[in-house]
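Engineer: Protein sequences, first through last, are from chains A and B.
The numbering used here puts the first sequence at residues 1 to 113.
The numbering used here puts the second sequence at residues 1 to 113.
Keep in mind the hints are simulated off the structure, nothing from the lab.
A portion of the hints provided could be inaccurate.
Straight-line Cα separation of at most 30 Å, DSBU-like style, residue types lysine-lysine; simulated pairs [to be verified]:
id, chain 1, residue 1, chain 2, residue 2
1, A, K13, A, K70
2, A, K57, B, K51
3, A, K71, A, K53
4, A, K18, A, K3
5, A, K70, A, K53
6, A, K18, A, K71
7, A, K70, A, K3
8, A, K3, B, K51
9, B, K70, A, K57
Just so we're clear, the structure is a prediction, and the values are computed from it rather than from any experiment.
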Amino acid sequence: DVKVTQSSRYLVKRTGEKVFLECVQDMDHENMFWYRQDPGLGLRLIYFSYDVKMKEKGDIPEGYSVSREKKERFSLILESASTNQTSMYLCASTGVSSYNEQFFGPGTRLTVL
Amino acid sequence: GQQLNQSPQSMFIQEGEDVSMNCTSSSIFNTWLWYKQDPGEGPVLLIALYKAGELTSNGRLTAQFGITRKDSFLNISASIPSDVGIYFCAGAPRAGNNRKLIWGLGTSLAVNP
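Can you build the whole structure from these sequences, using the hints too?
Structural biologist: Encoded structure:
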């Protein structure tokens with residue numbers, strides 16, 4: 001069965017802290033994605049990666065960076081967390097054989113105080 | 001970024017009723033996907049559609065890929081309390097980066113037992 005895991009379900013950080021959100025998939029998928037979800041705004045794409053060490057900006061990359069050093073792991077980094085980054089963060093992955101079917105992790109609810 | 005027009009925004013129905021929701025786009029799509037999200041969890045893929053006119057079922061759920069390739073609908077028959085959640089449509093446009101999905105804002109479904 002397809003599995004995407006995220007390092008934390010809930011996280012509380014302070015303004016200005018550096019925050020790492022980790023995502024791991026066990027399906028050997030090439031493509032991985034980071035979204036944030038806010039009420040009334042749906043899912044908005046932050047960054048995605050189609051290969052190791054490759055990344056592309058999504059619709060709202062400002063204030064975020066990503067890292068993909070291994071195929072199974074995609075990290076989202078908030079260099080200096082701000083209160084407007086309080087949100088639900090969702091990681092997803094998809095493979096070449098299931099090209100558009102994205103499989104999601106359980107999400108990380110991040111609160112920045 | 002681009003978004004799909006998903007309607008209705010919310011529905012409150014009685015257990016046993018049928019439900020219908022739809023998504024429309026101004027551009028042609030190659031793929032339509034329907035997801036369900038339970039509170040505090042990541043979206044789960046319900047149905048994937050890859051061909052214009054395709055009608056696919058998953059238990060009490062039925063989805064169709066519109067003939068014009070610019071719309072899709074999801075029907076739920078004989079709703080039950082566990083159908084409660086947010087339903088999202090997503091599509092892969094024919095033009096542009098096909099790895100990225102375009103998302104609707106969701107239909108929130110409440111079922112009265």
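Engineer: Against each hint, give a clear statement of whether it holds in the structure.
Structural biologist: Comparing the hints with the structure gives:
For the proposed pair K13 (chain A) and K70 (chain A), the alpha carbon gap of about 26 Å is at most 30 Å, so the pair holds. Of the supplied pair hints, the one linking K57 (chain A) and K51 (chain B) holds, its CA atoms being roughly 29 Å apart against a limit of 30 Å. Distance restraint check for K71 (chain A) and K53 (chain A): the Cα-Cα separation of roughly 9 Å lies within the 30 Å cut-off, and the hinted pair is therefore satisfied. Between K18 (chain A) and K3 (chain A) the CA atoms are separated by roughly 27 Å; this keeps the pair inside 30 Å, and the hint holds.
With a CA separation close to 8 Å, the supplied pair K70 (chain A) and K53 (chain A) stays within the 30 Å bound. This hinted pair checks out: K18 (chain A) and K71 (chain A) have alpha carbons roughly 23 Å apart, not beyond 30 Å. With a C-alpha separation of about 16 Å, the suggested pairing of K70 (chain A) with K3 (chain A) holds against the 30 Å cut-off. Restraint check for K3 (chain A) and K51 (chain B): satisfied, since their Cα atoms lie roughly 27 Å apart, inside the 30 Å limit.
Only pairs whose Cα atoms come within 30 Å are accepted, and K70 (chain B) paired with K57 (chain A) is accepted, the gap being roughly 26 Å.
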